[in-house]
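Please construct the entire structure, taking both the sequences and the accompanying hints into account.
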Amino acid sequence: MSYFSDIYNGIKTLLTGMSVTGKYFLHSQKGAITQQYPDNRETLKMFDRFRGEVVMPHDENNEHRCTGCQKCELACPNGTIEIIWDRQVDPETGKKKKMIEKHIYHLGMCTMCGLCIEACPTDAIKWAQNFENSVYDRTTLTRVLNKPGSKLMPGVED
Amino acid sequence: MNLSLSITKNIHDWLFNMMPETAASLVEMTIIALVYLAVFAVTGLFLVLLERKVAAWFQLRLGPNRVGYHGIFQTIADALKLVSKELTGTVNADKFLYNLAPYFVIITALMALAVLPFSAEFQAFDINIGIFFLIAISSIGVIGILLAGWSSNNKYALIGAMRSGVQTISYELSVGLSLLTVIMITGTLQLSEIVEVQRNGWLIVQGHIPAIFAFMIYMIAGTAETNRAPFDLVEAESELGAGFHTEYSGMKFAYFFLAEFINMFLIASIATTIFFGAWLSPFGITESLPWLGVFWFLGKTLVLVFLMMWFRWTFPRLRIDQLLTLEWKYLLPLNLMNIVLMAIIVWLNLTIQF
Amino acid sequence: METSTVNNNFKSDEYFINMGPQHPATHGVLRLLLTIDGETIKKVEPDLGYIHRSIEKMCERDSYQQIVHLTDRMDYLSSNINNEAVCLAVENALQIEVPDRVKVIRTIIGELTRIASHNLWWGVMGMDVGALTTYFYAFRDREMINDIFEETCGARLTMNYNIPGGLMFDIHPNFIKRVKEFITHFKTKLPEYDTLLTNNVIFQKRMRGVGILSKEDAISYGASGPVGRGSGYSCDVRKTNPYSALDKVTFNEALRTEGDSFARYEVRIQEMWESISIVEQLIDNIPEGDYKVETNAVIKLPKGEFYQKVETARGEFGVYIISTGTKNPYRLKFRSPGFSNLSLLNHIAVGGKIGDLVASMATLDLVIPDIDR
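Residue numbers (our numbering), protein chains in the order written: chain A, 3 to 160; chain B, 46 to 399; chain C, 5 to 377.
There could be a bad hint or two in this list.
Claimed, not checked - Which bits of chain C does chain A cover? Going by a derived footprint, with three or more residues having C-beta under 8 Å, they are:
| # | region |
| --- | --- |
| 1 | 152-160 |
| 2 | 197-208 |
Stated by the list, open to error - With a cut-off of at most 27 Å between alpha-carbon atoms, the simulated DSS-like pairs for lysine-lysine come out as follows:
| # | chain 1 | residue 1 | chain 2 | residue 2 |
| --- | --- | --- | --- | --- |
| 3 | A | LYS128 | A | LYS100 |
| 4 | C | LYS184 | B | LYS374 |
| 5 | B | LYS98 | C | LYS193 |
| 6 | B | LYS200 | C | LYS357 |
| 7 | A | LYS25 | C | LYS209 |
| 8 | C | LYS304 | A | LYS25 |
| 9 | A | LYS73 | A | LYS25 |
| 10 | A | LYS73 | C | LYS296 |
| 11 | A | LYS14 | C | LYS193 |
| 12 | C | LYS61 | B | LYS200 |
| 13 | C | LYS209 | B | LYS374 |
| 14 | C | LYS193 | B | LYS200 |
| 15 | A | LYS47 | A | LYS128 |
| 16 | C | LYS219 | C | LYS47 |
| 17 | A | LYS14 | C | LYS47 |
| 18 | A | LYS104 | A | LYS128 |
| 19 | C | LYS252 | C | LYS304 |
| 20 | C | LYS219 | A | LYS128 |
| 21 | A | LYS73 | C | LYS184 |
| 22 | A | LYS25 | C | LYS357 |
| 23 | A | LYS14 | A | LYS25 |
| 24 | B | LYS374 | A | LYS14 |
| 25 | A | LYS25 | B | LYS98 |
| 26 | C | LYS331 | A | LYS73 |
| 27 | C | LYS181 | A | LYS47 |
| 28 | A | LYS47 | C | LYS184 |
| 29 | C | LYS61 | A | LYS73 |
| 30 | C | LYS304 | A | LYS14 |
Don't read these hints as lab results, they were simulated from the structure.
Ideal placement from N, C-alpha and C gives every residue a C-beta, glycine not left out.
Okay, here's the thing in structure tokens:
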């Protein structure tokens, strides 16, 4: 007799399982969680803290806040950041000072760990939110973060 | 529909007037074969798309919706892709058998399509052993799978083919016996006669309890016959590559793929014919428009096809020994008990007639 | 290695099959050499090393803050708990006491990571045995957890949110609200998971009595985590050596005694319920305070050897640091739970069928980068 009760119980569990998927089938239009990606670029908004790419913000006078202290270069685990600096005569005070010439950032090697942004004492670099970074030519992934002709914002070193 | 009857009659008369008799019959047969090939192709295309969309809706996502309006032309794009693929054959494969195997499955599927009563006049081949012919044809399909596995010279393909052969041969018994249960009410094997008997109510209503059991057993065994989940150990993607059609690519793979869907359609249409009154409407509501019969048939078949897809996307897979236990220890005894029950009911005239 | 395995397995009547590195069922790049006889398995040999990235060697040249981001990538499904292990090891060695706020937030995020990992395991388990829709249902719920992490930490999978001394920045103001929404949503979904897969008669027939592991074997092979607890070996690190805020919460340890695949499955489902109850106990009472303690910019551990173990979703994960007083460790070793769990595969799979091997391997829940480091 347990033969028949086994069959009956088995079929009952199968039918309740089918009811779960059946319920999702009926609600499929509302419940579909697919986002149709390339079509929804205008409305797509990432979170504020999303780690896309490291950028150096410049204000309207083309000035940035990077003093060339190299703390980000030391904090980076795999050498993604290279700073090219030079000791030059500062035009305002007349003394020799470390000034940054190029802040090179290899996007292809970056692991998005965030240690450089934590280490920076002047908040010169921050996260941007773009994630579509694929390119056809790998050498364009080596970015120079400070724009040509820009200089240090006054008052940052204090 | 009177229009179609007159079309076929006109073509028949015109051909027989134009050429000598044997040539005319040959031309007529070729035309019918071409029509059925077209039906086969369109059905295959439609079913593949339906499977993908239904699967997507079960899984909370949208199916293909880029190619054409809501993805209608997706299967045509797939077919074009498959046609343009390179036909890689293995070096040590048995060339003749390797090329022959897909044709077995396609030809048996086409032959079985010919006897289905789509409508009162739309049936190509109405022989008096209809059901027997259908069951016999589906047994030939196994040869194609075994040949494919063997001639690929590939361990995985061989394991898959052996498993499939065992499975199909076992479940044919259940299919045959469950159909036999219902034939006891009709007393004839000819498909058009079976549909005529169902004018007094569909056979699943006429033979109430044993017919419902027979239908349930038939659906389970039919799903196993076509190697679909939950019995798809043969093509278990997570276990051993892709089963018996690992070594096939391009159009030959498309043959196996299409044949699986057509087999599913066949199982569903046989169930529609036998259990649900092929082209008859329930309670005879549209008897005055006989050309609606095709739509009733397709509608009922599609409901059963949807049921088989629902099984696929809900249940996990059975292991090979559990599969065989299910058949020989559960389905077969239940089938035999059911036949006895149905015999008693027919003898005592307890069937429900309208 | 190559010639010895081929010669040993290649006897005249045995049939040798490679479940190769690219395979849908092996959860990563793992090569299994199987010797089968018909449908029954006679020997299983795993072949590792396909994703070895020499993480332990890289840790020897990195400073202690930089090691944390490498542990993210080992067992990527419980990345936060791995980070916590290294940070706790460094903090205990330096003997600094982190604020209570940090401990509670670390525990909450750790338990959410555990729920996310078990969710993915459930989805993939269903897919391995053939029910293909469970994958999508599991990912729908996991997306909510990923959104919580993205809003607070900035990344969805490799978070790098803990640093030695605390957290990198404070939690987002929406964190508490989102976690509460997630808990309410998920509590209605777990019974559905049961209806769909656990109670299914086909699933039970595939899992009961398959891949049996006795308690003595579990202890002698070093199994930990749900694999050990499914055989009755009570090895939850959260109970034996509690860390962070785990001594302030009450929860039950999920234990079963049968030792078959279904017991391991049930242990993980029960662990999801327990994690939900831990998060519920902590989410309303996050203490105020700092989110980190200032350490030196260059951390130097005192001379000696330090070990810290935590409970990840796979089992007991340990960090062993040998330091000679400089700013890089002299040697750092990770005790990965997957390595010991994988060694049992030969023991539980022999005598069963290939379908049983796939089901048992799914319940072992291996993540191959964790094994190969």
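Hints versus structure:
1. Counting residues of the region 152-160 of chain C whose beta carbon lies closer than 8 Å to any beta carbon of chain A gives 6, which meets the minimum of three for the stated coverage.
2. Using a Cβ-Cβ cut-off of 8 Å, 7 residues of the region 197-208 of chain C lie near chain A, which meets the minimum of three, so the contact claim holds.
3. Using a Cα cut-off of 27 Å, the hinted pair A/LYS128 and A/LYS100 holds, with the two alpha carbons roughly 22 Å apart.
4. In summary, the hint linking C/LYS184 to B/LYS374 is not supported, as the alpha carbons are separated by about 50 Å, beyond the 27 Å threshold.
5. Taking the CA atoms of B/LYS98 and C/LYS193, the gap is about 24 Å. The hint holds against a cut of 27 Å.
6. For the suggested pair B/LYS200 and C/LYS357, the alpha carbons sit about 16 Å apart, so the restraint of at most 27 Å is met.
7. The straight-line distance between the Cα atoms of A/LYS25 and C/LYS209 is roughly 25 Å, inside the 27 Å bound, and the hint therefore holds.
8. The hinted pair formed by C/LYS304 and A/LYS25 fails the criterion: a straight-line CA distance of about 58 Å is larger than 27 Å.
9. For a cut-off of 27 Å, the pair hint linking A/LYS73 to A/LYS25 is broken: about 56 Å separates their Cα positions.
10. Of the supplied pair hints, the one linking A/LYS73 and C/LYS296 holds, its CA atoms being roughly 20 Å apart against a limit of 27 Å.
11. Pair hint A/LYS14 plus C/LYS193 holds up; C-alpha atoms about 20 Å apart against a cutoff of 27 Å.
12. Between C/LYS61 and B/LYS200, the direct Cα distance comes to roughly 41 Å. Violation of the 27 Å bound is thereby established for this hinted pair.
13. Taken as a hint, the C/LYS209 and B/LYS374 pair is honoured in the structure, with Cα atoms around 15 Å apart against an allowance of 27 Å.
14. For the hint linking C/LYS193 to B/LYS200, the alpha-carbon distance of about 42 Å lies beyond 27 Å, and the restraint is violated.
15. Distance check on the hinted pair: A/LYS47 and A/LYS128 sit about 18 Å apart at the alpha-carbon level, within 27 Å; holds.
16. Restraint check for C/LYS219 and C/LYS47: satisfied, since their Cα atoms lie roughly 22 Å apart, inside the 27 Å limit.
17. Simply put, A/LYS14 and C/LYS47 have alpha-carbon atoms about 38 Å apart, too far for the 27 Å limit, and the pair is violated.
18. Distance hint between A/LYS104 and A/LYS128 is fulfilled; the C-alpha atoms sit about 17 Å from each other, no more than 27 Å.
19. Proposed proximity of C/LYS252 and C/LYS304 is contradicted: the alpha carbons are some 31 Å apart, above 27 Å.
20. Of the supplied pair hints, the one linking C/LYS219 and A/LYS128 is violated, its CA atoms being roughly 52 Å apart against a limit of 27 Å.
21. Restraint check for A/LYS73 and C/LYS184: not satisfied, since their Cα atoms lie roughly 39 Å apart, outside the 27 Å limit.
22. Taking the CA atoms of A/LYS25 and C/LYS357, the gap is near 35 Å; set against the 27 Å cutoff, the hint is violated.
23. Using a Cα cut-off of 27 Å, the hinted pair A/LYS14 and A/LYS25 holds, with the two alpha carbons roughly 17 Å apart.
24. Straight-line distance between C-alpha atoms of B/LYS374 and A/LYS14 comes to about 19 Å, which keeps the hinted pair within the 27 Å bound.
25. A distance of roughly 16 Å separates the Cα atoms of A/LYS25 and B/LYS98; the hinted pair therefore holds under the 27 Å criterion.
26. With a C-alpha separation of about 16 Å, the suggested pair C/LYS331 and A/LYS73 falls inside the 27 Å cut-off, and the hint holds.
27. In summary, the hint linking C/LYS181 to A/LYS47 is supported, as the alpha carbons are separated by about 20 Å, within the 27 Å threshold.
28. As the CA atoms of A/LYS47 and C/LYS184 are separated by approximately 23 Å, the hinted pair is consistent with the 27 Å bound.
29. With a C-alpha separation of about 24 Å, the suggested pair C/LYS61 and A/LYS73 falls inside the 27 Å cut-off, and the hint holds.
30. Distance restraint check for C/LYS304 and A/LYS14: the Cα-Cα separation of roughly 64 Å exceeds the 27 Å cut-off, and the hinted pair is therefore not satisfied.
Comparing the model with each numbered hint stated earlier shows that hints 4, 8, 9, 12, 14, 17, 19, 20, 21, 22, 30 do not hold.
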